[in-house]
Amino acid sequence: MELIDTDIRPWSAEEVKEQFGDSLSLLPSNDNIKELQTILRDKNTTRSDFKFYADRLIRLVIEESLNNLPFTDCEVVTPTGALYKGLKYGAGNCGVSIVRSGEAMEQGLRDCCRSIRIGKILVESDTDTHEAHVVYAKFPEDIARRQVLLMYPIMSTGNTVKQAVNVLTQHGVKEERIILSNLFCTPAAAQAVVEYVPRLKILTSELHPVAPNHFGQKYFGTD
Amino acid sequence: MAGKLNKFETPSSASSDSDTELALELSEQVFLDEEDYSRAPASPTTVPNVRSYRPPSTGSNIAKSPRARRVRTASMSQSTKRTAAESILHADRRTIYTAGRPPWYNCTGGQEVEPFLIGICGASASGKTTVAAKIIESLNIPWVTIVSMDSFYKVLNEKQHVAAERNEYNFDHPDAFDMELLVKVLQRLREGKKVEVPIYNYVTHSRESRTKTMYGANVIIFEGILAFYNADVVRMLDMKVFVDTDADIRLARRLRRDIVQRGRDLEGVLKQYMTYVKPAYQNYIAPCMAHADIIVPRGGENKVAIQLIVQHVHKQLQLEAHIGQPLPDSLYVLKDTPQVQGLHTFIRNKDTSRDEFIFYSKRLMRLVIEFALSLLPYSHLHVDTPQGFIYQGRKCDVEKICGVSILRAGETMEQAVCDVCKDIRIGKILIQTNQQTDEPELYYLRLPKDIKDYRVILMDATVATGAAAIMAIRVLLDHDVPEHNISLVSLLMAEIGVHSIAYAFPQVKIVTSALDPEINEKFYVLPGIGNFGDRYFGTEPPYDE
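These protein sequence lines map, in sequence, to chains A and B.
For the first sequence, UniProt numbering begins at 1 and goes up steadily by one.
For the second sequence, UniProt numbering begins at 1 and goes up steadily by one.
Don't read these hints as lab results, they were simulated from the structure.
Misleading hints may appear alongside valid ones.
Here are the simulated PhoX-like pairs of lysine-lysine, each with C-alpha atoms no more than 25 Å apart in a straight line [claimed, not checked]:
#1 B:Lys335 with A:Lys201
#2 B:Lys335 with A:Lys218
#3 A:Lys51 with B:Lys422
#4 A:Lys43 with B:Lys395
#5 A:Lys88 with B:Lys362
#6 A:Lys218 with B:Lys395
#7 A:Lys17 with A:Lys174
#8 A:Lys43 with B:Lys422
#9 A:Lys51 with B:Lys362
#10 B:Lys400 with A:Lys51
#11 B:Lys335 with A:Lys88
Use the sequences and the hints to build the structure in full.
Shown next, in the form of C-alpha cells:
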C-alpha cells in the first residue's frame, strides 16, 4: 500500500478547467463511472468483463459527447395536449473512428444515433521515431459541412489524433466542428492536442498521467 | 334519494344512518349536517336562552314524546359498521382517502410535509359538513383526514347517562367535549402520526373499545359546533372557517329533517332547539366567529367562498411543499443536459412514431439506470494495473442487486437494467386500478427468492400520483426488503407523486430523468408523456378527434 504514488492520480474537474479551459472537458464523474474505470484499469479483469464495462463507459462518454452538438429550441405538443419546451438536434453529424481502438466506440455511437454515417482513419506510428502518418481514410463525401465526432479511446502522446485531425481538415472539416470522444487521456497528450488545434473540443472520462495502453488489445482480444 | 330517506325513518337507531358526511351530491346538502340537529335533548321552550344550557333547568316534559329520545346519526357513529372502503370518497374518478393514508401507506416514515389543518366551525345545521365535503372535492389532493368533534364527547357516568336518556344532558355545552383528548389527537395528526380516534357510542354514551385509526394527511379538516372554543385548538388551525347560515334556515332544516324524515313532533323539535341548540349558538358558537379567518354565509352553496378557500389552501400547500419544504432529499434528478432534453422532446412529442419513441426512451432509460447505480454505496479499492502502478479506484459495496418492474410500463426498463448489470434477477409486480372502487390492487407478484438480501431497483416508466409505486414499495417492505435498500427509478415523475412517496417512505431513493409540476384529472403528468405503456407497446386507443 505504501507504494501508492500520490502524484499518479486523475485530475479533478477544477484542475482540468484551470489548465485547459473549455477545450477539454471531463465526463461528470460519479462512483459508478469510477468503478467502470477501476475495472478497466485492473489487470485482473477478465476479457469478458473488460469488454462489458468498456462498452458501458463508452456509451456514457458518447452520450456526453453528443451534448456538444448544436441544437435549437423547439416546442412540441404532448399526448396530454400540453406544450413542452424542448430541444432539437440538427442533422448533418457524422462519426469518424480512428482504427483500431476507435472502432470499439462505434457501437456506442450507433446505439445513440442509429443511422449515423461513420468514417474511418487508419494512422500508423513509426516504431522508431513515434511519428504518426495516415495510411487510410474514408469519409462521407460531404464531411466538410458536417459536425464530426472523432472517436479514439486512449491518448498517451496525442500524435495519432493530431494526424487524424490533419486529414479531416484536409477534407474541409473546420477545426471547431470536431469533437473528440476519448476514455482515457494523459495531460501531455491533452496539452499537445490543445496546442495543435485549440478550437477542437475534447471530452474524456479521465485525465491521468498513465494511460491504459492495453485497451485495444484487451478489448479486441489480441494480446 | 328514496333509499337515503328511508334510513332516516328510525330516529332511535343511532347506527342505521347512511354515511352522509361523505355524500357529495348537491341535492343532499340539506341533510348533511344531521349529526348536529338530530340531538333531541329538550326542555321547556320558555326557559330563557342564557340559562337553558344548565342541566337542572331542563324540564322533563319532553319525555312525553316517544320520539324525543336523543338520536345520534352522525356519520362518525357508524364507524363500527364502516369498512375501510367506506372512508374512501370518490369525486369524479378520483379517490380521496378521508381517513388519511390507508394502512398500507403508513410506514416507519417520518413527516416530510406538515399537514394543513382547516377548522370549520358553525352552528348545528349550518352546513359545516357540506362545506368540508366541497373543499375536499375541489382540493384535488389524495389524502385528507376529516376529524369530527363529535368523536370527542365525554364518557358519561351513570347519573349523566340517565339524564341523557331523559334528554336532560346538554350535548351542546363545551363541557360535553373531552378537549384534552381532542388537542392531543389534533397535535399528533398535525405531526403526521397515526392516531386512534375514539368511536363514541351514542346509545351507551361511552367510547367503544374499538377506535378509528387515522393517519397523517396533506390536509386535515376538523369540524364541529365548538371547533374554535378551545384556545389550544385554535392555535393549531392553519385556517379557520366559520359557516354562517341564517338561524331561520338552520331551524327550517332541522324542522324539515326531524319532522319529515324522522317523524318527530313539532313541539319536541322546537323545544329542543330553544333549550339547547339556540342558547349554545348564542353563548359559545357565535362568539367563535371572532376567531375565524373567513366567514362563509349560506354554507355549502356558497361556491365563491369555497373556491377562495381552496385556492388559499392550494397556495399554502404549494408554499409548504415547494418553498418552505423543498423537494425531498431522497429525490435525485438526472442532470438536465441538452441530450436529456432532446430525448425528452422526442418521447414527449405526440407525433413521434412508435419506432422512435421506443428508441429514444431506451436511451433515456439507460442513462437513468446508470445514474441510479451511481447512487449506491461505494468504497475505495486499489487495483494493480498492467502499467505497473496502483490505481486508486472504487468498488460498489452492493453484492446482490435485483430489478423489480411495475407492470406494464415498468417492464420497458428491464432491458436497460439488464444491459448494465450482468445476470441481474428481475421481479415483477402487477398493480391495477379496480374499476369498481378505483383502488389500486395487487394482481400479480413474482420476486426473486430472498429478495430481502437484495438492493432493489424498482422500475416504473412514469410516476403521477405515486399510488402504484407506493403500493409496490409496501409490497417490497412486506417481503422484508429494508426501506433504504429500495431505489425507485422512473423516466418522468410528477411533483405530487414525489412528495407522496417521500412522505410515506423517506428512505427510498427516488430517481428520475425529469420532474413535471402537475398531473391532470386523468392522472397523467403535465406536460408529460401520455400513457407510456400504450405508446411503447402500441396499444393506444384510436384517436377520438
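Restraint check for Lys335 (chain B) with Lys88 (chain A), where alpha carbons must lie at most 25 Å apart: holds (18 Å)
Against the 25 Å threshold, does the CA-CA distance of Lys51 (chain A) and Lys362 (chain B) hold or violate the hint? Cα-Cα ~21 Å, so holds.
Taking 25 Å as the top limit, are the C-alpha atoms of Lys335 (chain B) and Lys201 (chain A) close enough? Status holds; Cα separation ~21 Å.
Is Lys51 (chain A) within 25 Å of Lys422 (chain B), Cα to Cα? holds (12 Å)
25 Å Cα cutoff - pair Lys43 (chain A), Lys422 (chain B): Status holds; Cα separation ~20 Å.
Is the straight-line distance between the alpha-carbon of Lys43 (chain A) and that of Lys395 (chain B) 25 Å or less? Distance of about 15 Å is within 25 Å: holds.
Lys400 (chain B) and Lys51 (chain A) were given as a pair; does the straight-line alpha-carbon distance stay at or below 25 Å? holds (22 Å)
Quickly compare the C-alpha distance for Lys88 (chain A) and Lys362 (chain B) to 25 Å and report which way the hint goes. Holds, because 18 Å separates the two Cα atoms, which is no more than 25 Å.
Pair hint Lys335 (chain B) and Lys218 (chain A), alpha-carbon separation not exceeding 25 Å: Not satisfied, since the Cα-Cα distance of roughly 32 Å exceeds 25 Å.
Within a Cα-Cα threshold of 25 Å, do Lys17 (chain A) and Lys174 (chain A) meet the stated pairing? holds (24 Å)
25 Å Cα cutoff - pair Lys218 (chain A), Lys395 (chain B): Between Lys218 (chain A) and Lys395 (chain B) the Cα gap is close to 21 Å, so the pair holds against 25 Å.
Hint 2 from the list above is the single one not met by this structure.
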